[in-house]
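K.L.:
Quick mapping for you: the protein sequence lines, in order, are chains A and B. Just so we're aligned, residue 1 is where the first sequence starts under the UniProt record's numbering, counting upward by one. Just so we're aligned, residue 1 is where the second sequence starts under the UniProt record's numbering, counting upward by one.
Hints should not be assumed to be uniformly reliable.
What the hints assert, rightly or not - So the derived label-pair ranges between C-beta atoms look like this:
1) B:Thr98 x A:Glu4: 21 to 27 Å
2) B:Gly95 x A:Val44: 17 to 23 Å
3) B:Tyr4 x A:Asn73: 35 to 41 Å
4) B:Gln99 x A:Val49: 45 to 51 Å
5) A:Gln76 x B:Asp101: 29 to 35 Å
6) A:Asn73 x B:Ser141: 48 to 54 Å
7) A:Trp77 x B:Trp106: 32 to 38 Å
Bear in mind the hints are in silico, worked out from the structure with no lab data behind them. Note that beta-carbon positions come from the ideal geometry of N, C-alpha and C, so glycine has one too.
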Amino acid sequence: MNCEKQVAMLRRVQEMEFVAIELNLYLDTHPCDTEAINDYNCAVERLRVLVQEYEEEFGPLMHFGHGGFSQKNEWQWIQGPWPWEI
Amino acid sequence: MWIYEKKMEHPVRVCRPDVKFAKMVITQYGGPDGELSASLRYLNQRYSMPTDRIKALLTDIGTEELAHMEMIAGLVFKLTDGATCEDFKEAGWEGQYTQHDNGLFWTDANGVPWTAKYIACLGDPITDLTEDMAAEQKARSTYEHLIACTDDELAKDTLRWLWQREVVHFQRFGEALNDVQEWMATSKHMWCGCDREKKEE
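Working from the sequences, and respecting the hints, build out all of it.
P.N.:
Next up, the structure:
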């Protein structure tokens, strides 16, 4: 388990998702701010790439069909470490 | 429907275990102004809100609070990592060890279990949004008390980050309050329940 690499890749996902969360909440109360919508869409695009890179290395980030594919011979969802153990 | 993301919203780290501090932090897990209270309060208030943007905001902040609840759980987990019966006794938290061992439980800093009495839903958007704004301020103050009570820089980083989120949520709820007041001003009558108004149209 390459924990250092996992933490670093996870950190990039966390940072970009935070951008998306902040813009999401801002847009909930400023839905006509087209510049913010554009920023949100950029964050979605970048987040998608970062999540895909992370999932290829460490397995699905989400369950119930929302995460990436599991490897054919291995159910990766059950693999630790879990978030509170990192 | 909710989907779990197998990660913390923000990294949770501590320099070293500290059972005494965990005993204080637990109030943000199961205390009156903790993250469980926050999440359930907002998600439950959605059904009586009159405008779509407020329904969206309560959904989104209520969901983010679930992530904060997980961060607090992670913080308590790390602060009590490897703690023995003796460590709990020394920290004055032997009641926690007796009843829960190294498991977590929804209590405040005095061991009082979580109760639905901590949250309100009056079904009136002005009443409920001002309750939410007060809740964010109470959580902000609690985080300030916790930050003042530790010298663990890593734990402080996590708590400061959560503190900032309270400030942002307060701001967004304030904007939502403006939105609902504007909505009421443009309605023909005093607000008397959005469903009833729709039926009358």
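K.L.:
Indicate, hint by hint, whether the structure satisfies it.
P.N.:
Against the structure, the hints:
1. With their beta carbons about 38 Å apart, B:Thr98 and A:Glu4 fall outside the hinted range of 21 to 27 Å.
2. At about 47 Å, the beta-carbon gap between B:Gly95 and A:Val44 misses the expected band of 17 to 23 Å.
3. Restraint check, B:Tyr4 to A:Asn73: a C-beta distance of roughly 24 Å breaks the suggested window 35 to 41 Å.
4. Judged by the Cβ atoms, the range 45 to 51 Å given for B:Gln99 and A:Val49 holds: they are separated by roughly 46 Å.
5. The hinted window of 29 to 35 Å between A:Gln76 and B:Asp101 holds, with their beta carbons roughly 30 Å apart.
6. At roughly 52 Å, the beta carbons of A:Asn73 and B:Ser141 sit within the given window of 48 to 54 Å.
7. The hinted range of 32 to 38 Å is not satisfied by A:Trp77 and B:Trp106, whose Cβ atoms lie roughly 27 Å apart.
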